[in-house]
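Starting from the known structure of chain A, arrange chain B on it as the hints suggest.
Protein sequences appear in the order of chains A and B. According to the UniProt record's numbering, the stretch in the first sequence is residues 1 to 153, in order. According to the UniProt record's numbering, the stretch in the second sequence is residues 1 to 149, in order.
If you're looking for bench data, these hints aren't it; they were derived computationally from the structure. Small disclaimer: the values here were computed from a predicted structure and weren't measured. By construction, the Cβ of each residue, glycine as well, lies at the ideal position given by its N, Cα and C atoms. One or more of the hints may lead you astray.
[Unchecked claim] Simulated pairs of lysine-lysine, BS3-like, Cα-Cα distance not exceeding 25 Å: (1) B:Lys24 with A:Lys122; (2) B:Lys24 with B:Lys106; (3) B:Lys24 with A:Lys119; (4) B:Lys109 with B:Lys24.
[Claimed, not checked] Pulled a few chain A residues facing chain B out of the computed Cβ check, cut under 8 Å: (5) Arg51; (6) Arg72; (7) Ile101; (8) Phe142; (9) His146.
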Amino acid sequence: MTATVSRKSQGGSFVSLKTAGTPPITQSGPKRPAGTLYRGREGMWSWVLHRITGVAIFFFLLVHILDTALIRVSPEAYNAVIGTYQTPIMGLGEVALVGAIAYHAYNGLRIVLIDFWSKGSKYQKVMFYVVIGLWVITMLGFVPRHLINVFSH
Amino acid sequence: MTTTIDAPRTPIRPAPKKGVNWEKWGWIYMRASGVVLVVLIFGHLFVNLMVGDGVSAIDFAFVGGKLSSPFWQWWDVAMLWLALIHGSNGMRTLVNDYSRNQTVGKILKGAIFVSAVVLIVLGTLVVFTFDPCPAGAPADLVASFCPTS
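Same shape as in the complex, but just chain A (with noise of 0.2 Å):
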């Protein structure tokens, strides 16, 4: 059984998806599926990761609006559950969230880039980099600032 499709990419090229689904045991041609462009590549690694973060930040959400209105109810109520967020453990779940945040950001502005971009297919390998790269940076510049403010107080 074979399963091939071909279908002409918005880019201009020739995508073939020979290994769409579960590879064949037996087949003819290469005995290798021929190189994907997308499965177990920098294109699968980064949706997989965007849906995982997004869904990581959709939860956070829920839960930072209900503590967020708390300062409708009174200013101790607030103060109590906010100081929750100030434990060390908290910090460094909030060094997580900032890291989904970044990721989900720039791999987000990469996509509309792939979307909207001329080039942008053509360039998605790299732009996944660019992502990790400038991800690195605001960690950089996040991290440390951060766990002084949560250790020091």
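Structure of chain B alone, referenced to chain A:
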């Protein structure tokens, strides 16, 4: 035997010929709101976590000081609406992708929709009805501009 696989992103139902193509506008919304949210959320994180003592300086007085200014009120409300609609539409995509059972999918999407509406209404009301100097609150818990009672 040859199996033909649909091209990626082939819709389950073709786009409607008449009326609004909601999936298209959802797709556009994710990108447009995403770009705006990068600015709004990075600004939010910078002001709340990087400036001054960061997270350890956040308390009722800090939020009261921020939300007494229309600038931050509108900043936060824009963030609230854009982020919740962006996030719940993203969660809807995940349910469409991973839910194998139509009933479960409908329940999950209904729950996402209801929680988004409730939180948008709640958050908007809080931002615009918030009093930074509630009567009878201890002076050391509220912003310094509050009149001392």
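How the hints compare with the structure:
no., hint, verdict
1, B:Lys24 with A:Lys122, "holds (24 Å)"
2, B:Lys24 with B:Lys106, "holds (20 Å)"
3, B:Lys24 with A:Lys119, "holds (22 Å)"
4, B:Lys109 with B:Lys24, "holds (18 Å)"
5, Arg51, "holds (7 Å)"
6, Arg72, "holds (5 Å)"
7, Ile101, "holds (6 Å)"
8, Phe142, "holds (7 Å)"
9, His146, "holds (6 Å)"
Of the numbered hints stated above, none is contradicted by the structure.
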